[in-house]
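Hey, can you work out the whole structure from these sequences and the hints?
There are 2 protein chains.
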Amino acid sequence: MATQETSAQKLEAVKNAMIKQGDVVKALKAAKTAKEQVQPEVDKLLALKEQFKQLSLLDDGAGSKFDRASLESLLLKRFFYAPSFEIYGGIAGLYDYGPPGCALQNNILSLWRQHFILEEDMLEVECTNLTPEAVLKTSGHVERFADYMVKDTVTGDIFRADHLVKQVLGQRIEDDKKVQSGNAPKPAKGQAKLEPLAAETRSEYELILETLDNYVGDELRKLIRRLDIRAPSTNNEVTDPVLFNLMFETQIGPTGQFKGYLRPETAQGHFLNFKRLYDYNTGQVPFASASVGKSFRNEISPRQGLLRVREFTMAEIEHYVDPNGKKHSRFNEVRDLVVPLYSADAQQAAAGPTRMSIGDAVEKGIINNETLGYFVARIYLFLTRIGIDPARLRLRQHMSNEMAHYACDCWDAEIESSYGWIECVGCADRSAFDLTAHTKKTGEKLVVREALPEPLIEDKWTLEVNKKTFGPAFKKDAKAVQGFLDSMKIDEAWDEVKLQELKEQLAAGSGKTSITGTDGKTYELTDNLVTIEKKTIKSFIREYIPSVIEPSFGIGRILYQLLEHAYYRREGDDEARHVLRFPACVAPIKTLVVPISHSGDFNPFIKQIVTGLRRSNIANKVDDSGSSIGKRYARNDELGTPFAVTVDFQTVQDRTVTLRERDSTKQIREKIPVILDIVKDLVEEKTTWKEVEARFPAFVSQEV
Amino acid sequence: MATQETSAQKLEAVKNAMIKQGDVVKALKAAKTAKEQVQPEVDKLLALKEQFKQLSLLDDGAGSKFDRASLESLLLKRFFYAPSFEIYGGIAGLYDYGPPGCALQNNILSLWRQHFILEEDMLEVECTNLTPEAVLKTSGHVERFADYMVKDTVTGDIFRADHLVKQVLGQRIEDDKKVQSGNAPKPAKGQAKLEPLAAETRSEYELILETLDNYVGDELRKLIRRLDIRAPSTNNEVTDPVLFNLMFETQIGPTGQFKGYLRPETAQGHFLNFKRLYDYNTGQVPFASASVGKSFRNEISPRQGLLRVREFTMAEIEHYVDPNGKKHSRFNEVRDLVVPLYSADAQQAAAGPTRMSIGDAVEKGIINNETLGYFVARIYLFLTRIGIDPARLRLRQHMSNEMAHYACDCWDAEIESSYGWIECVGCADRSAFDLTAHTKKTGEKLVVREALPEPLIEDKWTLEVNKKTFGPAFKKDAKAVQGFLDSMKIDEAWDEVKLQELKEQLAAGSGKTSITGTDGKTYELTDNLVTIEKKTIKSFIREYIPSVIEPSFGIGRILYQLLEHAYYRREGDDEARHVLRFPACVAPIKTLVVPISHSGDFNPFIKQIVTGLRRSNIANKVDDSGSSIGKRYARNDELGTPFAVTVDFQTVQDRTVTLRERDSTKQIREKIPVILDIVKDLVEEKTTWKEVEARFPAFVSQEV
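Top to bottom, those sequences are chains A and B.
With the UniProt record's numbering, letter number 233 in the first sequence gets 233, and the count goes up by one each step, no holes.
With the UniProt record's numbering, letter number 650 in the second sequence gets 650, and the count goes up by one each step, no holes.
Think of the hints as simulated: they come from the structure by calculation, not from any bench.
Among the hints, a few may not be true.
[Claimed, not checked] Derived BS3-like pairs (lysine-lysine); straight-line CA-CA distance at most 25 Å:
(1) B:Lys-538 to B:Lys-512
(2) B:Lys-512 to B:Lys-535
(3) A:Lys-327 to B:Lys-259
(4) A:Lys-294 to B:Lys-686
(5) A:Lys-621 to B:Lys-275
(6) B:Lys-686 to A:Lys-607
(7) A:Lys-460 to A:Lys-476
(8) B:Lys-327 to A:Lys-621
(9) B:Lys-607 to A:Lys-327
(10) A:Lys-166 to A:Lys-177
(11) B:Lys-534 to A:Lys-275
(12) A:Lys-476 to A:Lys-534
(13) A:Lys-680 to B:Lys-686
(14) B:Lys-275 to A:Lys-77
(15) A:Lys-259 to B:Lys-607
(16) A:Lys-686 to B:Lys-680
(17) A:Lys-44 to A:Lys-77
Structure representation (structure tokens):
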């Protein structure tokens, strides 16, 4: 059952309910009903109004109320992050995190480690950013980790080819909309009047935009030429698209002859250490490795703030599992979790996401296997825990044409923001692709060895060298010929197809055939030198390259989307106030400590509070600047600080302080140790502000 | 008062005490004294024996008992760290951290954040590794961050020049020692017999080795030629030394025209963000920024494992302070801390370090100022807290010739290991060097503005343009001339020397002089166009570039030294066991959970324990492999796991489990919830194992 509901639809529903409830209240009041009877209905109305306000702030559809510019100015002003090297003019796609951004990221990562590594006994690794070329050749990155770029033939400005096509066609469709509705702007001097597009042209453009990923190589070049795609600001022609590798290249060591790259993902480091990790885990499978670190992509045109950058923090998990049994021992814990799944089939049918339990999804084959399902669920739980709005989170399956060739299933956690639905976590079944590639390249077996419950008996083609005749026949060249024979092995086992071919060649040549030794010379091999035959082989060990399930988190992207979800504006007495409603677990500062004025009498109390908070490892900040108490609260609402403890003149009398909560702006007043205990429980999520409000009387601040 | 005591002296003292105590016990036993009277003396003897054993393991002087090879093999086997890209042959100077190394590093960093950032409200930043060339030109790294290298003229092998000189002269001295003592080995075929060195030659070599840092440029070239320094393994001549820049270079963006480097330190990122940080801190000074991240140095010859690598984690603090008042508000908290200080004077006098209170050191001017002293103390406290042996930790002042030209004082925290005394933390007063350089380069004022208690009145040279005549005189060239005038400003204030020079030139030319405009053309300036005179200026704001005190931590170095300090061997029943005695706060795994056998009856208890530990965020590991319980304990001693909870058949009967401590190998036995509480208190350092042993009866394990 699909329950796709857009923000706009939700907003509409709440608005209708609000109007209806307003009528109820009006009617009661008109009938002069007793106040106690009217009040509950008034409360309902207020709740609906609040809900409406929140939804309108969140709404990001047409006529959006979400004001990105105002959030961005807040983020810059409070130094969540800022362009790197700003005083040197900045560099696109590089950002520095200031104190609140840093703390927010640290808190997200610390919860990530708790939620994944500690909870599942994952093996954390930290591998280097510098990576030699050979490794990234094997992984396919040297050849394939590239985007197409084109240049303005006159100015030399560079564009990512697909972005350019998207921009130009998008503009043409926009223009057409205006022309069709009679709102076309007057053409600038010297420019032609905008003409409407033919209906078939417009649908072709729309189709191309949907399937743009399919255009590569010469197809892309033809597309650019056929549609006459030009540089937008100059209208100059562009060059043919060429591949640009997205890895940063450097030289390792002083010789200048050892090429390396900055890693484009942390995954390869895990794979190269597979053997050590497997041993560390005393040979038990399944197990997972995990890593938090930087990755680098030399984007052609960085854009969208933190969403497409050149250097970013990733958190990656590689879970190694028997390809023949992708069950998960803790699957029961997530079986009943209902999540919004957007399957490939639903996308094909142009339907929306469906809310479904993970158990059902795996049972129906929508999610390929239990382990993948388990991680999809764990990712969902993590994201909602740190404050991502579940209403703007979905799990989208890759379409078969966008899936990497080695993957058998892939789900992205997509989060909606003012930039649309953005992939923030990928969860792919990478199968045995990487471990196989590195095994083949290095000869180092990245395998699991398992004692078989009973021996396996198989008939296999084998080759045996006749030691008596082989050495004397080739003398000092024996090694080169032996090398040729060894080349017919895969992972130390004979390649049976090649053995049979060789046997056939020998038969065809009446017991003789030419082969090329590893020294490049040609030798004659005769059938008295080797015996090729089918033998019955008994194995006691099963050896296999494990499959890898990879949940991969883009931390910067998650952080930005969280900022959008956390942001709202509150109308204040004088001006609109900006608030970030982080859950306490990720809030950069958990508690603000404010003396109401500059009196020295407050110092001992401030010290007592700060020491108490530090003892509980609660990040806090004293704001004893000269600003008004209201300004100081507002400043910390902007940082998303959930709680504030205020020391005032009453404190000096009776050792009580007030505790204010960010979103309700309500306060209570108690003795310092009681307040410290409450804050600790709130931060550790052992109680909620609602519970606190129920337990303690509200305090109406004098706000000096 | 110097209390320098070498490890060897300490060992000797303990040995003597041990022999003496042995005699006491022997005498008592010979006299058939009652057992209760002998026992305390026996205990004393055992304690001395243990102390002796520990000291001999630690001893790293001549005839060292510390076995580095065996520690290294343990670190590799248990995957603390391993060479990166090992299956591709590895790359010198790059290491990956495995699970225990990673956890150890995470714990060190988490304590670092607690000890510095949280405790002092520092502003954490995270800046990018990629850095554009312009920034590193200003900081001086493009020009000066380099080492001299030479090449073997035949093989092309590359050496760091100073390392090569050190190695060759060291070898000559070693050889001479052997010759002098008559132990010279017979010369290999075709090689000349080793000849003794002249006494003056040997002392010259020794002097050069001590002052090697002083040889740069042509001096270094002359030294290599004069002493005929050759490549050791080939005996070939080497090329003249050339400077090799140690930064990794790359291209940012697709144009191939934007040069960047991987940062060699995190400090520059702090400085570039100074203005935002200063604003974030609402203009209050002093304050500090802090950062944890990677830095990169393309070492010519990486060596000594983690001590000299190409990619490493740094934790850096930049503390901004008024150059005229380097007091510290929390100095009192460290004033009485006694630390081993090795001042420049003591080094000059070839004396040893002196134990002295921080207060005394600052008062006597040994440490330049309170802020520097405060951080030196905090660094000492941090290092000892994470488990660095205070007996092998000293604070060494830079000699005036090794100090950077901008620094007015610098202290290194040096830790002793089998590699000698190694700088692990630097604590420098960088003065205003970097902020001044970036201000000059970018025109962005990285300054503090302070309201003066009363206005400052000063006489200053100023220049004023005569607006009536200036414009008409130069017309469209006015801008170029104005540019020339502006070039006589520093930070928007007139350069008084230059103004006076210009005034003199005008006077010398009878009111006329030629100047060069910013367009490169020559113009005539006359004294009716500008007025240069001394004026009385009243300022209400003091503007200054703050001084920077920089504690800078090499995390990999600290981690390795900690591993050496934590390592010891315990003689077991069968074979020597390796132990890492980490304090619980840094131990990778805090608690091992072991079922005594594979019985399914144990599962609910294992689950209860693990869930309880997780709830308290205590990193734990279940080892239910088939190995004997002794083997499993041993395996976790190697990981430095301080506690082990064992579930056995008695658990099924009475819900009790045993708790074992790593170093004493003693156990107690209690109900599960009691044990969980004890473990929590131990890990959080709220109790000690000694206290636990005193409170609960010892349990003698059956070790099935």
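Unmet hints by their number, sorted upward, for this structure: Numbers 1, 3, 4, 7, 11, 12, 15, 17, in rising order.
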